[in-house]
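K.L.:
Keeping their order, the protein sequence lines are chains P and F.
The end of the first sequence is residue 477 by my numbering, with every number in the run present.
The end of the second sequence is residue 406 by my numbering, with every number in the run present.
Calculated directly from the structure, the hints in this document are not laboratory data.
Here the structure is a predicted model, which is why all the values come from computation and not from measurement.
Any given hint might turn out to be false.
[Stated by the list, open to error] Incomplete in silico selection of chain P near chain F, CB under 10 Å: (1) 64; (2) 137; (3) 182; (4) 184; (5) 221; (6) 250; (7) 253; (8) 418; (9) 422.
All C-beta atoms in this analysis are idealised placements derived from N, C-alpha and C, irrespective of residue type, glycine included.
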Amino acid sequence: MAFEGLADRLQSTVKKMTGKGKVSEQDVKEMTREVRLALLEADVNFKVVKDFVKRIKERAVGAEVMDSLTPGQQVIKIVKEELTDLMGGEQSKIAVSERPPTVIMMVGLQGAGKTTTSGKLANHLRKKHNRKPLLVAADVYRPAAIDQLQTVGKQLDIPVFSKGTEANPVDIANEAILHAKEEHLDYVIIDTAGRLHVDEHLMDELGQIKNNLTPDEIFLVVDAMTGQDAVNVAESFDDQLDLSGVVLTKLDGDTRGGAALSIKAVTQKPIKFAGMGEKLDELEAFHPERMASRILGMGDVLSLIEKAQDNVDETKAKELEQKMRSATFTFDDFLEQMEQVKSMGPMEDLLGMIPGANKMKGLKNVQFDDKQIVHVEAIVKSMTKAERQDPSLMNASRKKRIAKGSGRPVSEVNRLLKQFEEMKKMMKQMSGTQGGKKGKRKKGMNLPFM
Amino acid sequence: MSFLKKLKEKFSASAETEEVSDKYKSGLEKTRESFSTKLNDLVARYRKVDEEFFEDLEEILISADVGVNTVMDLVEELEMEAKRQNIKDARDLKEVISEKLVEIYTGGEDTFKTQAPLNIQPDDLSVFLFVGVNGVGKTTSIGKLAYQLKQEGKKVVLVAGDTFRAGAIEQLSAWGERVGVDVIKHGEGSDPAAVIYDGIQAAKSRKADVLLCDTAGRLQNKVNLMNELSKVKRVIEREIPNAPHDVLLVLDATTGQNALSQAKTFSEATDVSGIVLTKLDGTAKGGIVLAIRKQLDIPVKFVGLGEKMTDLEAFDPNAFVYGLFADMLTDDEM
Ligand SMILES: Nc1nc2c(ncn2[C@@H]2O[C@H](COP(=O)(O)OP(=O)(O)O)[C@@H](O)[C@H]2O)c(=O)[nH]1
Ligand SMILES: [Mg+2]
Chain P
28 MAFEGLADRL QSTVKKMTGK GKVSEQDVKE MTREVRLALL EADVNFKVVK DFVKRIKERA
88 VGAEVMDSLT PGQQVIKIVK EELTDLMGGE QSKIAVSERP PTVIMMVGLQ GAGKTTTSGK
148 LANHLRKKHN RKPLLVAADV YRPAAIDQLQ TVGKQLDIPV FSKGTEANPV DIANEAILHA
208 KEEHLDYVII DTAGRLHVDE HLMDELGQIK NNLTPDEIFL VVDAMTGQDA VNVAESFDDQ
268 LDLSGVVLTK LDGDTRGGAA LSIKAVTQKP IKFAGMGEKL DELEAFHPER MASRILGMGD
328 VLSLIEKAQD NVDETKAKEL EQKMRSATFT FDDFLEQMEQ VKSMGPMEDL LGMIPGANKM
388 KGLKNVQFDD KQIVHVEAIV KSMTKAERQD PSLMNASRKK RIAKGSGRPV SEVNRLLKQF
448 EEMKKMMKQM SGTQGGKKGK RKKGMNLPFM
Chain F
73 MSFLKKLKEK FSASAETEEV SDKYKSGLEK TRESFSTKLN DLVARYRKVD EEFFEDLEEI
133 LISADVGVNT VMDLVEELEM EAKRQNIKDA RDLKEVISEK LVEIYTGGED TFKTQAPLNI
193 QPDDLSVFLF VGVNGVGKTT SIGKLAYQLK QEGKKVVLVA GDTFRAGAIE QLSAWGERVG
253 VDVIKHGEGS DPAAVIYDGI QAAKSRKADV LLCDTAGRLQ NKVNLMNELS KVKRVIEREI
313 PNAPHDVLLV LDATTGQNAL SQAKTFSEAT DVSGIVLTKL DGTAKGGIVL AIRKQLDIPV
373 KFVGLGEKMT DLEAFDPNAF VYGLFADMLT DDEM
């Protein structure tokens, strides 16, 4: 029911366009309609979408497309450029105060992830910038919010300043800065309570903290799954506090994350970091152009390729790809490939970056669970050389032997064999040697381990 | 009788409903105001029903997170209906619009009996499992529901199944103290299934009426964590036939289209039977529950309207709709 990724849809539009050899205004209209839907599907604010589509339309009927030999591709390029532009080109740095400590205030709605992000940021400053941060527990409202920050501090071995729940957040913040000075700590990260942007009383409180401390950074922490309301929230916080940046959280989920775009568009404040998991080292610098791809459903190809390049042996990868294309991919190759993939990080993460991967039927049944990978390895290693080369040799007694050798149940061996076949099919589809569903050709991909 | 009049009548029917609708009126003030103001604006601006009118309507609904699929279906139907009934004046379409919106939720069934109460076992222990992504309000909703059930004279026990997030156990314990109910807990990092198991045993031996099970927040695309949740549910099933009696998916009203994916995946893992829609005291509308109801047929059972103990209300679709359209009723329908 859900729409296929825009990439897929654009693909068919593109096909139509290239067939014609000329892009008509009607084609552009159709295409911008698709773009509009895809962006709305991704939770980009409707006002932002409206402006965006208008700009695309203007460019797409211009000469750069009309005169191009590949007008379809040209249009995709324009969309991506505009989108990246909208997300904010360069990635920006974190402030350093001339008179330490540098003060960072974390603000946002309830449940956005402020406390976890405070911890991650402190960890990041220590690890990447060699700083000595102090975490400040200024959420005196939510039950056990202080406990949470203290636990995070303990896990990281980073000091936490707290005065219990009776103290006033403004006083807490003030004292924390004095404390940091005494202890020669150079960053102070203030974890404030979550609040609604329409709660005047609590928004005032933030204003007071700001006026008292004149923080160097005020970060709005936003859940990447936020819908249309993201603009209202960001606008209100920005009006009250003049934010210096945004941190997106929970980007390890499967949301398209259109809120990112909306927030950037209405506040013009840079998105500085992205939270990519619950662990305290899972904070990354934000990459606008990657986010642009993701919102359009093209997958985070750039990140994937980068990761692959870091970890994969080029020539081996070429070999594998060749085998896959010619459908001579065996369990031996599979094993080798798994070794490579394993060195790239958790499978789920990688999968999320493959364009359209979540939509592929074959892949849905193949569950990538890192513990399972160990089991799979055990099973493959219990196969004979011949079996690995030619899985069609498999019969009941062979399967039983493999099960025994690997310490896994026969049902699991069966499942793996089935999955292997499915995977082979899927690879063929993704490599473009064979049409995908409904016989439509997928764009060829040169992913080294695919 | 017009649909809106029928609705209004329904509301004055019983004092209890009146009370509920009052709470909704205040709690959903912003939702109602912005929605109906916009709709009124729209109607006033256009007068004529034309393409632009429908485009604007589309935008209003999209801005409430109703979702582009649902909206487009709806608008298409409206266009057809306008043609069929030969409606030219925008004001005449107002009623059809609200009617169709309600229909999405009720599926065209009896409009006035779509309320979904909690599946309480009258003479036995009722077990309710709370699931959802991080930060949506699971623990808070449990605290609020515990308070509500205790007010009704039930003996309630809470079990701290979130053994992962820092401070989560303390948070639930604080709610237990605040409400005055027992909390069963293990240490941070322990096996969630094991603590839930202990919770069940404790609830049984203490002869509790209700056991509310907290779980750690998890993003629905984490296969491991979703499997862990299925395991927790299986433990409950094994200990008590027919339990859990409700699996409540907690959704943050601020969430956009991803809420649909959450509903799908959590249902696959735990057979979700109802939704708690939180944070409706903000400006977000939670319109995605319409799509969830339409596509997955999961009803909303409660709404969260704030952070206080008393800020949980049973979801009443009629009241919800009334909240959305109250202004219009008083404008010219009455
Ligand atoms: N304004 C508002 N805040 C809420 C509501 N429900 C929960 N919260 C807040 O949202 C945050 C996350 O809630 P919590 O129960 O810890 O979420 P969990 O991670 O799902 O257990 C807390 O700050 C709660 O106080 C609600 O209905 N309205
Ligand atoms: Mg919780």
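K.L.:
When the structure is checked against the list of hints, which entries are broken? Sort them ascending.
P.N.:
Failing hints, ascending: 4, 8 and 9.
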